[in-house]
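Given the structure of chain A, go ahead and fit chain B onto it with the hints provided.
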Amino acid sequence: KQEVTQIPAALSVPEGENLVLNCSFTDSAIYNLQWFRQDPGKGLTSLLLIQSSQREQTSGRLNASLDKSSGRSTLYIAASQPGDSATYLCAVTLPSGTYKYIFGTGTRLKVLA
Amino acid sequence: GAGVSQSPRYKVAKRGQDVALRCDPISGHVSLFWYQQALGQGPEFLTYFQNEAQLDKSGLPSDRFFAERPEGSVSTLKIQRTQQEDSAVYLCASSFLSFSTYEQYFGPGTRLTVT
Chain A
446 KQEVTQIPAA LSVPEGENLV LNCSFTDSAI YNLQWFRQDP GKGLTSLLLI
496 QSSQREQTSG RLNASLDKSS GRSTLYIAAS QPGDSATYLC AVTLPSGTYK
546 YIFGTGTRLK VLA
Chain B
763 GAGVSQSPRY KVAKRGQDVA LRCDPISGHV SLFWYQQALG QGPEFLTYFQ
813 NEAQLDKSGL PSDRFFAERP EGSVSTLKIQ RTQQEDSAVY LCASSFLSFS
863 TYEQYFGPGT RLTVT
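Chains as they are written, first to last, in my numbering: chain A, 446 to 558; chain B, 763 to 877.
Hints were generated in silico from the structure; no laboratory data involved. For glycine and all other residues, C-beta sits at the position ideal for the given N, C-alpha and C. Be careful, since some hints might not be right.
[Unchecked claim] Derived pair list, reagent style DSS-like, types lysine-lysine, alpha-carbon separation capped at 30 Å:
(1) A/Lys-513 - A/Lys-446
(2) B/Lys-840 - B/Lys-773
(3) B/Lys-840 - A/Lys-446
(4) B/Lys-840 - B/Lys-819
(5) A/Lys-513 - B/Lys-819
(6) A/Lys-487 - B/Lys-776
(7) A/Lys-446 - A/Lys-487
(8) B/Lys-773 - A/Lys-487
(9) A/Lys-487 - A/Lys-555
(10) A/Lys-446 - B/Lys-819
(11) B/Lys-819 - A/Lys-487
(12) A/Lys-487 - B/Lys-840
(13) B/Lys-773 - B/Lys-819
(14) B/Lys-773 - A/Lys-555
[To be verified] Pair ranges (Cβ atoms, derived):
(15) A/Ser-541 - B/Glu-833: 25 to 35 Å
(16) B/Ser-849 - A/Thr-503: 31 to 41 Å
(17) B/Arg-826 - A/Glu-462: 40 to 50 Å
(18) B/Arg-777 - A/Pro-459: 37 to 47 Å
(19) A/Gln-499 - B/Arg-777: 42 to 52 Å
(20) B/Arg-784 - A/Gly-528: 27 to 37 Å
(21) B/Tyr-772 - A/Glu-460: 24 to 34 Å
[Stated by the list, open to error] Examples of chain B residues lying across from chain A (beta carbon under 7 Å, computed):
(22) Gly-804
(23) Phe-807
(24) Tyr-810
(25) Tyr-864
Just chain A, same shape as in the assembly (with noise of 0.2 Å):
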């Protein structure tokens, strides 16, 4: 059975530093990978998907990687902001049937003015 990690749960941090942020799975089957952004009360935003043959994405400041046969991915948040708090979900796709999300617990990030 797929269970997807995210270390550590919380992270507060002062502004413009750099940052990792990470999620690990149990089965390397998987189809792609995906960072979310969720806002308290709100629904979920794509950051970066990661199909399984890629091994990174960026988009701005934010570079997520893939390391399937270890289980493992990195989100890189570089320069941190304030707007960047929020708690950021991994989340890997099983590779048929329904193709179904499984969602790790998430990270949430305090960036501190």
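Relative to chain A, chain B alone:
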């Protein structure tokens, strides 16, 4: 174009009441998913539709939960005889069944509070 919409955004129900949550997917999206997100947790899969066919309902926690998508577009998640443990955010997502990514697009969710 419009994204996935859900209604109501907030619902308070007394224990034992029935509730119905609505999802309007992105036009043309074949696949529709429902997820349940408890406080402080990641979303968990409930059920999946491809057009009007419910192909996977393995995540529905009990027979009090029922979902339908009769015309292959709008979907309704119904919870009968609500219990306090049903309090959660219910997220709907749709997908075009792309063969490259199968990316899902999420609605804002319905926050259900059972008192």
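Run the structure past the numbered hints and jot down the numbers of the failing ones, going up.
Violated: none.
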